[in-house]
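**Student:** Sequence:
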Amino acid sequence: MEGRKGSCGRLIPTYEARLVQEDGSDAPEGGRGELWVRGPSVMTRGYHRNPEATAKTMNGDWFMTGDVAVRDPEGWYTIVDRVKELIKYKGFQVPPAELEALLLTHPDVVDAGVVGVWVEEQATELPRAYIVARPGLIPEQGREEARSKFGKEIAAWVAGRVAQHKKLRGGVKVIDAIPKSPSGKILRKDLRVVAQEEIKREGLGARAKL
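For the sequence shown, full-length UniProt numbering assigns the number 1 to the initial residue and increments by one for each residue that follows.
Keep in mind that the hints were calculated from the coordinates and are not lab data.
Since the model is a prediction, treat every value here as computed from it, not as a measurement.
Be a bit skeptical, because a hint or two may be false.
Claimed, not checked - Simulated pairs of lysine-lysine, DSBU-like, Cα-Cα distance not exceeding 35 Å:
1. K56 x K149
2. K149 x K185
3. K84 x K180
Could you build all of it, start to finish, from the sequences and the hints given here?
**Tutor:** In C-alpha cells form, the structure reads like this:
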C-alpha cells in the first residue's frame, strides 16, 4: 500500500481540502495552514443544538479540523501542529512544534517542550521553552546557576536561527523531564500552568538579550 512516512495521507476522489492561513487566505505551496476539508462523509450541518461549537468548526460547508498541516508537491498532507496550541505573539503565530524540533537539534538538549505564557505588561503571549539537558552537562555543585546560564545560552542559540517573532522571549527553563502522556505526547496544558505560576513568582527567568 502506498504511503509516506509521517504523512496523514492524500485526498481521495470527491473530497477537497484547503490549508487556510490566519487571514483566511490559502497557504502558499509548502506553507502551513489550518486543514479544512469537505466531502460526502464530512460533517456539514454542524453540532446538534450547539451553535457555538458549530461556529468554531464550520465555515460554510468546510469543516475546520483544528490541525495545522503542510502539503508537499505530490499532494501528501502532514500534520505539524494544532491551532489551539499555536502561540500568539503580537499578531504572529508561533508553532511550538517547530521550536521544539529546532531545540532537539542542539547536541546538549535531549528533550524540549514549548508553550506560550501570557505577560500582562506586554499584553501578549511569549514563547517559553522547557528543556532537558544532556546527562552530565549540569554539575551538581552550583546546579541552579548552571541551569540558568545554559538556558540563556540556548535562548541566544535559538534567536540566531529563527525569525524575530519566534525568539524565546518567555525564557528557557532547564528541568528534569518534560511532562508527557503515556503515548508520549507533550502535556502542554500542564506546562502552561507551571509556566504561568513561575512567571508570577519569579518573572521570566533565564533569558538572553533578544
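**Student:** Hint by hint, which ones does this structure get wrong, listed from lowest number up?
**Tutor:** Hint 1 is the one this structure does not satisfy, whereas the remaining hints hold.
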